[in-house]
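Guided by the hints, dock chain B onto chain A, whose structure is given.
Here the protein sequences line up with chains A and B, keeping their order.
Mapping to our numbering: the first sequence position 159 is 377, numbers consecutive.
Mapping to our numbering: the second sequence position 108 is 326, numbers consecutive.
Keep in mind that the hints are not guaranteed to be accurate.
When chains are identical, the list treats them as one kind, so a pair holds in a single copy or across two.
Derived pair list, reagent style EDC-like, types lysine to aspartate or glutamate, alpha-carbon separation capped at 16 Å [what the hints assert, rightly or not]:
no. : residue 1 : residue 2
1   : K342      : D292
2   : K350      : D333
3   : K342      : D316
4   : K443      : D352
5   : K347      : E389
Worth flagging that the hints you see were computed from the coordinates, not collected in a lab.
Protein chains: 2
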Amino acid sequence: MISILIIGNGNVAHHLQKAFKKINTLSVMQIGSRNLNKIPFADITIIAVSDNAISEVSKKITNPFVVHTAGNFDLKSLQNNTRKGVFYMLQSFSKATDVNFSQIPFCLEAENNEDYLVLESLAKTLGNKIYKIDSKQRKLVHVSAVFVNNFTNHLYKISRDICSHNNIPFEILFPLIAETARKIEVITPEQAQTGPAVRNDTKTISNHLELLSAQHQEIYSILTKSIQENTHSQKTLN
Amino acid sequence: MISILIIGNGNVAHHLQKAFKKINTLSVMQIGSRNLNKIPFADITIIAVSDNAISEVSKKITNPFVVHTAGNFDLKSLQNNTRKGVFYMLQSFSKATDVNFSQIPFCLEAENNEDYLVLESLAKTLGNKIYKIDSKQRKLVHVSAVFVNNFTNHLYKISRDICSHNNIPFEILFPLIAETARKIEVITPEQAQTGPAVRNDTKTISNHLELLSAQHQEIYSILTKSIQENTHSQKTLN
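Bound-form chain A, shown alone (with noise of 0.2 Å):
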């Protein structure tokens, strides 16, 4: 039997102590990161509080192994004088929606073999797409995972306006949206590229722009732009 100790009230917190409580191999404890005056003992520790809490929580422990769960911080940074790891998750979690642990990538890394193979043993009981992942490469996943979900869920919200304020029902663009999404699972992005910037169809681009407000014309001008260039350069490449 593992002992297990997730420090956090938040949405990481949350689903990962109701996932870990189904397995007959693990014995879980939940505390908030304000009740640390008495920290029970864990095999393991993990700290799921936001981002500029961890330094403070972890200094506070005196367990053996300590793991934290955030994208964009280094385990170097962890200031328990034990044991160290990451525990990160890469899906966005929201507290009303149930979460399939099958379907997300765990990123591990510790700081050493022995430790990063306790941390897998941990995720598989979980989920199988597991991928080491070391603290620099963890924040270019989080910076990544912002375009494909942040900014992409931000364009999708500009689509819906533009719908709302013409009587468009928004769900016309649901099936691209899908096979969009669906399609670089199949062949890369460069490879799906259509639409006017890739063309350079310079005409439906000046009717776009007329189409859009200021603020809508200026992402649509950069990123016709950064298209662009890519493709530029690709062909000089080639």
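Quick look at chain B alone, frame taken from chain A:
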């Protein structure tokens, strides 16, 4: 038996004639757009050529009902002297990939209700997502599609570049990409928005900017600003 003539050799023409050929109640012909000295008669003539050729092609047609398949082209810009319409399918077609028409939204437009019903029954032979969309709306659907397809795909490309330059398998992002696309069918993009921009987590934002190339910094900054302006204006409204 309704006779259909498709003019064009591109992806839309290709997939459309292939699909119509399977329908018992339709007879289908296809000709290239450079072969217009002798145009066969058909009940419905579908011009599926590049945008800047539609006008010229339509001039030469005396058939009773002529429609085009372009997102960004006015019904009124068709130059035939007979009935006019639009049969626009909102999906990105590529010759290599099969098309599932049951999932494709048909955006239909005609000059009167009778003609609209003709197009509707034609679309119903292939699918069931059918929308009455006028020329102005269709242009806005088209520009919205650029945001959720062309631009989103480019954000995928940027993420893939970041990953491949740092020995991170791009597939690590597939579950997040799929979940991001799936989520907005259940909640609005506003509700789904997470990340440092909407949290105004300036420390993470500046960490991210340090990791990026100048070109990617520009895109990161402008989309972060747009998310924040939007969040701010929403808060002011509520």
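Right, here's what the structure says about each hint:
1. K342 - D292: For K342 and D292, neither the intra-copy (23 Å) nor the inter-copy (56 Å) Cα distance is at most 16 Å.
2. K350 - D333: Within one copy, since 12 Å is at most 16 Å while 60 Å is not.
3. K342 - D316: Neither: 19 Å inside a copy, 37 Å across copies.
4. K443 - D352: neither (33 Å within a copy, 30 Å between copies)
5. K347 - E389: between (31 Å within a copy, 10 Å between copies)
Taken one by one, the earlier hints fail for this structure at numbers 1, 3 and 4, listed in ascending order.
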